[in-house]
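Participant: Read off the chains here:
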Amino acid sequence: MRKKSFYVSMVLSAALFFMPFLSIAQEKPIIIGAPLATAFLYGWDAERGIKLAIDEINAAGGVNVGGKKRPFKAEVIDTRDLEPAVPVADALLAMEKLILDKNADFIVGGPVRSEAALAAMDLLRKHKKISILTTGALTPAYGKRIAENGDKYKYCFRNSSHVPVMMGDFMAILNDLQKDHKFNKAYIMVQDVAHARAGGEYMQKALKEKNWETELKIYPTGTTDYSVGLIDSGKKGAQVLFLWMDMPESAALLQQWSNMKLKSLPMGFMNAAEQPGFWKATGGKGEYMIVNLVNGGNAPAKITPWTMKFVEAYKKKWGLEPEGYGTSSSYMAVYQLKDAIERAKTTDPDVVVAALESQDLMGVYGRMRFDKKTHQIIPSWDPAEGAVTGIIQWQAGKRVQVFPPKAAEGKILFPPWMK
Amino acid sequence: MMRKERIDRGVRVRTAGLYAIASWQEILYLVGPPLFLIVGAIILPILLEFAPYWKRVINIVCVYAIIALSFDFLANFVGLVCLGGAFFVGIGGYLSAIFNVYLHFPVYLSIPLATISGAVISTVLLMPALPLRGVYFAIVTLMYPLLATRVIEALNIMGGTNGIIGLDSLPNAYVEHYMVIIVMLIFLYGMRRFVNQDMGLVIRGVKDNDQAVRASGISVTKMKAFAVFVSSFMGCFAGAYIAHMYSWAGISLFALDFSIIPIASVVIGGGGTLLGAVLGSFILVPISELLRNFGTFRIVIYCVILTGFIVFKSEGIMVYAMRKYHQFERWVKV
Amino acid sequence: MSDDTILSVQGISKTFGGLKALMDVSFDIRRGEVYGIIGPNGSGKTTLINCITGFIKPGGGKVIFKGKDITRWAPHKIAHIGISRTFQIMRPYYSLPAYKNLIIPLWSPRAKTVGGWRGGGRHGDRDTVAVDILEEIGFERDSRVPYKLASTLPTGYQKRLELARCMAMRPEIIFCDEVFSGLSMSEIAGMLPLIEKMKEEGITLIMVEHRLRELFRVADRVMALNFGEKIAEGLSSVVIENKKVKEAYLGKEEV
Amino acid sequence: MEIIVYGVINSVILSLMALGFTLVYSIARMPNFAHGALYITTGYLAWLFMNSFMSLPYPVAVVLAIGITAAIGALIYRFVMIRIRGMEISEIIATYAIGLAILEGLRWGGLRGMTFTLPPFIAGSTTILGVSVDYQRLVIVGIGLATFAALYLFTHFNRVGLALRGIAQDERAAMMLGIDSDMTAIISLALGSGLAGLAAILLLPLGNIIVEVGYNVLIFAIAVSVIGGLGSWAGTILASFIIGFAQILTEAFLSSHYQMVVALLAIIITLLIKPSGIFGKQKELEERV
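Same order as they appear, the protein sequences are chains S, H, Z and A.
Mapping the first sequence onto my numbering, position 388 (from 1) lands on 388, and the numbers just tick up by one.
Numbers in my numbering are just positions in the second sequence, counted from 1, shifted up by 1000.
Numbers in my numbering are just positions in the third sequence, counted from 1, shifted up by 2000.
Numbers in my numbering are just positions in the fourth sequence, counted from 1, shifted up by 3000.
No lab work stands behind these hints: they were computed from the structure.
Hints may contain errors.
[Stated by the list, open to error] For the chain H half of the interface with chain S, some residues (derived, Cβ under 10 angstroms), not all of them: (1) A1051; (2) A1086; (3) N1196.
[To be verified] Some chain Z residues flagged as far from chain H (calculated, every beta-carbon gap over 12 angstroms): (4) H2080; (5) Y2093; (6) W2107; (7) V2145; (8) A2168.
Glycine included, every Cβ here is placed at the ideal spot set by N, Cα and C.
Please take these sequences and the hints and turn them into a complete structure.
Facilitator: What follows is the structure, given as structure tokens:
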């Protein structure tokens, strides 16, 4: 029995090995597997981005793999990994389903939750599948792990930003505020998850070095009431309210901030404040909130010529603006793959990895290049140099890009009661 | 008035004692079903050679089956309804990760060590809850995994919300399959034997009438603690295994799914039979996999199945099947 | 306290909420006697047993067994040193056959040490011992009765099973909580020799009873409780004539 | 000062979340694990009535939503729970499964993202005792207290209410007096679900209507009722004040991220010291082993 199974598995692995060549001959579609928590913003937005890119590419004839035009095909699977009751193991199983059952050639998108993305790295290594992480996971540990383990995790890429980069952007804004408006007191309220906590602690340290007075509050997921913290911030005379949360109750925080007319400017990373529907949902109470959408192009802006083209195409296909984090990066990931495959002239993962490493592409949110060591997208404040972040402020019901200056469309406004 | 009467089949009566087996049919009657299960479980990975994904699903099925066994034993033989099966899974997984990643023990050592030490730790932690009964025990055990999650999160220990990553995976797919399949079978038949041993009877006595057990000079708390040890032993193995299977341990090992799906399996398979727990997992988990394309709707479907079973067929499939196998029914006039 | 006192109860009290269930109840029990406790419904008889055997923690007072203070001990420890009891509400281990019901007491540490049942080793040894005990207590060995599920036994056998469970412990004292109630006259008649036999074996019996007539046939001494207070103690014939006792019972009948 | 003001607000919020759960348990002896799902259902229905196909005015939408939720509660009892009444564990599993089905069904049916909100009664804020409080929170405290009072009056002076209380105390005796146990259970489930709905209408304007909130509400409801003693109303209210203040105090003096740990530890500790909760009425012998 044993011998037979060994034989069978040999044949099978041989078949798997030759599959890419076989499929070229038949011009089978290249399957892009997208493990996403599709019931959540970061999931469905990524799904739409991927599908839009695939439609565009297929309409233009597909991917040129060594002379043969092959179309892309999306296989989206719901990992549910943002739901608290679902173990990461389930998300990983979903990913294995993509790889083993749906025969995905490449993975784009998630898993969305940081720990799931980290856990998935070993899976990708095992199955030798290239993955471009585009949404959800913000943890710097991802890039660090790739850099530390060299060859082991070379199949993992991430084309969206991560916490330290985002922090640098915020620090730049805060430095300007300090310089122009003499702001020097910040109140930091973050959620108790690794990326938010890291963000909060990093921010506190960085601000202290610049002689800010800071206070850090960490809230467990599911906190419903922030009144005490908010009142405290008012008492301490904070001029900046720095938030980092991806839970729904955080919208309540902003409403309360507005009701209390606290003399502070809220900014940060807040899931609830990303979507265009946020304005209506809070009845305009969220005005002046500065939100980091992680990557440019997740809201209308003129970063590169492609940005508005993407936004328009998205609007045309889905009937609304890109809603938030994960849209533009997922869209770009497909184009990045197309470019890499065309240059590699094969879908063999090892060759495509090399192609991705040497990639230099002008994209929706700036110049797309991967760092060769960490496989993270190289960030910049200049779209001509690297990937640009999308920091917007809610102004009169619109999301207006306010940072970085080279891509900004408006200036930061202050609530009238701060004067 | 008509009444349904159930009568043991002749072959059942003859084979009830070991001495009366007369023919190969009777031997088959007796050993057929377990043989089918054992052989089936062992050749399943080979049968599914051409469906690599479903081979992975088998591992998960077995993991859920083991957790379900642990639940079934506690609930239907000891009378402790533990809604926090995930707690054992989490403890086992984290310990295994600590042994493997921090202390660099090899897989073959970290899994058994995590299983044993996890069982000890779980038992000690659950000790205070043992005097509770019924709903109270159920609710408190439901809170345990939640609390564990929150503590790890708040203290930012053991990798915080990112978890511990980079555990060694098992050497190859066959070790991975057969390890969990064989352990599951050992647990299943071991437990089935155990509950009919003298000590097993004492533990079952605790469920029927704990007062009488104490009046017999036996410490109920000790027996319950031992039962929790046995149960958490199984749960911790499941956790340690799943941690190594995915090279990762994190707070979502304490996730509610690890508590709920096994319970659903037991309800569907038939509580109090142990076999039912395994059967339930082998039915429920693949169904849920088949429904994966429906997204969250699959949860709705299996919740409806679960409610349906609780309400209309609370005995579960296994009890029903056993009755049909051992007895025949007829209508008699009363 | 004389030398042959085996159990001494001193001033046990217990209140539930505001209700005084037991007030300062004291009595001594001599080795080998049959001691009856009588009293109308709600007079605190079962509470008293529960307090002595550790199932309820008494509010005050002491229980001394062979010179050792066992107040507030855990029930299983009290059982371990040789004080056994039956329950008023019979609950055999329903899911087990009758003889398997005895496996549990036979498995206990006391049965292994004091009892000397050679049950320690192989599986099945205890089964034989269990059937022996059941036979002793009146189950017909060759019938199917000892092998029936406990839940299907008739009341008389269930009562016997309760006693058998105590006997398996090889106890020194057995508290019988209303073993006669719910039995027919003939069933009781069958039980009486059993009690005599236990007495001969040197077991001290404390019988809480409602059925006075049957109790008086076996009891050496009797104590009467009313509203948690001891109202009389002494030889059966003396207690039955006691005025308070009569009032307690007759008063109840008038209601 | 803000500790007191927000402590009270937080406590009332918690007790509102738990009241429906407690009511059902106290009368029908049924742990209703679908509580959180009913809570979210009301919020979603109200949103639907106001924003989508009908765009009803706020009061109508709210009343309709609460009414439908109450009906759902009654239907759950009539068609499912009635068959497994008394088997507590089956009740837990069945209600939990129903709740899960409702929640995940809503998610599947489109309740995603964070754009679903209910409007507050009155917007804006004011200052009380030197602490800034928005009106909605004051409304919550007001209606919350009014609900407690109404429930008290209902169960002490109304015929139906008295019947409910009778069942709660001694089911068999009440049945002999001609009170229909199933009918009262249906009423209690409807009432409990309605209370869950009322809480949702009051509390959801403070956040978004999302599925996860349903799980959180269930956990809080269980936590509060278990600490207070399952089925005891006074206990529920007291327990919500304990947890409510404990949370605010943790935030003020310890660190905000221990809030949940404190709440969950409170449950375990309470049960270990007093297994039936602060006001639990279970008998010593039956409960303690």
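Participant: All hints are to be evaluated individually against the structure, with a verdict given for each.
Facilitator: Taking the hints in turn, this is what the structure says about them:
1. A1051: With Cβ-Cβ at 8 angstroms, under 10 angstroms, it holds.
2. A1086: At 8 angstroms from the nearest chain S Cβ, H/A1086 passes the 10 angstroms test, so the hint holds.
3. N1196: At 33 angstroms from the nearest chain S Cβ, H/N1196 fails the 10 angstroms test, so the hint is violated.
4. H2080: violated (4 angstroms)
5. Y2093: violated (4 angstroms)
6. W2107: violated (5 angstroms)
7. V2145: Per Cβ check, Z/V2145 is outside 12 angstroms of chain H; nearest 17 angstroms; holds.
8. A2168: violated (8 angstroms)
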